[in-house]
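Chain A is fixed; fit chain B onto it per the hints.
Note that the protein sequences, when read in sequence, are chains A and B. The first sequence begins at 1 in our numbering and counts up one residue at a time. The second sequence begins at 1 in our numbering and counts up one residue at a time.
Keep in mind that the hints are not guaranteed to be accurate.
The list treats identical chains as one, so a pair stands whether inside a single copy or across any two.
Restricting the straight-line Cα-Cα distance to at most 25 Å, the calculated cross-link-like pairs of lysine to any residue (SDA-like) are [said to hold, decoys possible]:
1. K26 / Y83
2. K26 / L109
3. K26 / E119
4. K26 / D43
Because the hints were derived from the structure by calculation, they are not lab data. Here the structure is a predicted model, which is why all the values come from computation and not from measurement.
There are 2 protein chains.
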Amino acid sequence: MPEIEALRYDPDPCSIARTLDLVGEKWSLLVLREVFSGVRRFDDIRRRTGAPRQVLSARLGTLVSAGLLRRDPYREPGQRTRYEYRLTGAGMDLYPVLVSLLRWGDRYLVPPTGGPSLELTHRDCGEPVDLVLRCRAGHELTSAREVLPRPGPGARLLDPDDPRAVPAARLTATPAGSAASAGR
Amino acid sequence: MPEIEALRYDPDPCSIARTLDLVGEKWSLLVLREVFSGVRRFDDIRRRTGAPRQVLSARLGTLVSAGLLRRDPYREPGQRTRYEYRLTGAGMDLYPVLVSLLRWGDRYLVPPTGGPSLELTHRDCGEPVDLVLRCRAGHELTSAREVLPRPGPGARLLDPDDPRAVPAARLTATPAGSAASAGR
Chain A
1 MPEIEALRYD PDPCSIARTL DLVGEKWSLL VLREVFSGVR RFDDIRRRTG APRQVLSARL
61 GTLVSAGLLR RDPYREPGQR TRYEYRLTGA GMDLYPVLVS LLRWGDRYLV PPTGGPSLEL
121 THRDCGEPVD LVLRCRAGHE LTSAREVLPR PGPGARLLDP DDPRAVPAAR LTATPAGSAA
181 SAGR
Chain B
1 MPEIEALRYD PDPCSIARTL DLVGEKWSLL VLREVFSGVR RFDDIRRRTG APRQVLSARL
61 GTLVSAGLLR RDPYREPGQR TRYEYRLTGA GMDLYPVLVS LLRWGDRYLV PPTGGPSLEL
121 THRDCGEPVD LVLRCRAGHE LTSAREVLPR PGPGARLLDP DDPRAVPAAR LTATPAGSAA
181 SAGR
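Isolated chain A, as found in the complex (with noise of 0.2 Å):
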């Protein structure tokens, strides 16, 4: 997919690498997962996922600045209040996410034999549920190679001493002459 125009644009804000500032590191997400299950409460979270006490307080604590979670208090009886965990709207739109991760680990990563461990399926009718690229004007697209990125209207243009702009030659064929060209 190479894409030539938008690499005459800075890298830089990407909504990619600003995303997992928040939430690109493991036990985010795996906490984000057991809150999409419906686990709500530390000592639950840190059983299934794993996560250490002080790593888990510390990205409960991400999660609820950003905005992805909410703390609701609660009380045992005879207990001091303590706090369950709920996804607020931007955490369950992160939902494609932990969907497209689980897809692909299921495709690459699992032993045929096994099968997955986990489906999702639609609770209104049952059936199982696939994450979909498709266009505006309705095609389906079957490979990341349909798609054509393109500057939007936050890019800024590099000037073109950056080093941070590659040059259009840079991303074509590979050369004449060299091992790849002669052997594929």
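Same frame as chain A, but now just chain B:
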């Protein structure tokens, strides 16, 4: 999305965790972002991502070993052989992970004045590309709440005494009398 049934099952092996073990580190996904954009050479990837040289070298090694990238040799006149990094089919299939991260960041982390810096369009027709959750009966899902996770063929039932088996009572409503149930 409380799903009691799934929580009687072992959270491991989880395809989300397996995938994150491979690519769940910020630099890995930023490297893939660049390769998806057609950037193939070590120094270009380094400049575009800002990854430290040694980290980048390690991440590229992992991605090649895992079969997400392949190394193709090339040689500029008068220089030693170097390598370009290209996506394999398995690497290409990670695209939905990047798209879902991008879309979430565009929605929640980009100042509305600037707008997204990158737009994904359908190569054939030019229309914007979306990621859609859809069931095999053709229903489109608008929220994670419409998904019902179920144990798959590889699921392992937990012993009820296993601390990772969360009692159903903890997944449902906040206990009466707490501030949460009183105030919301």
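**Study point:** Hint check, failures only
**Key:** none
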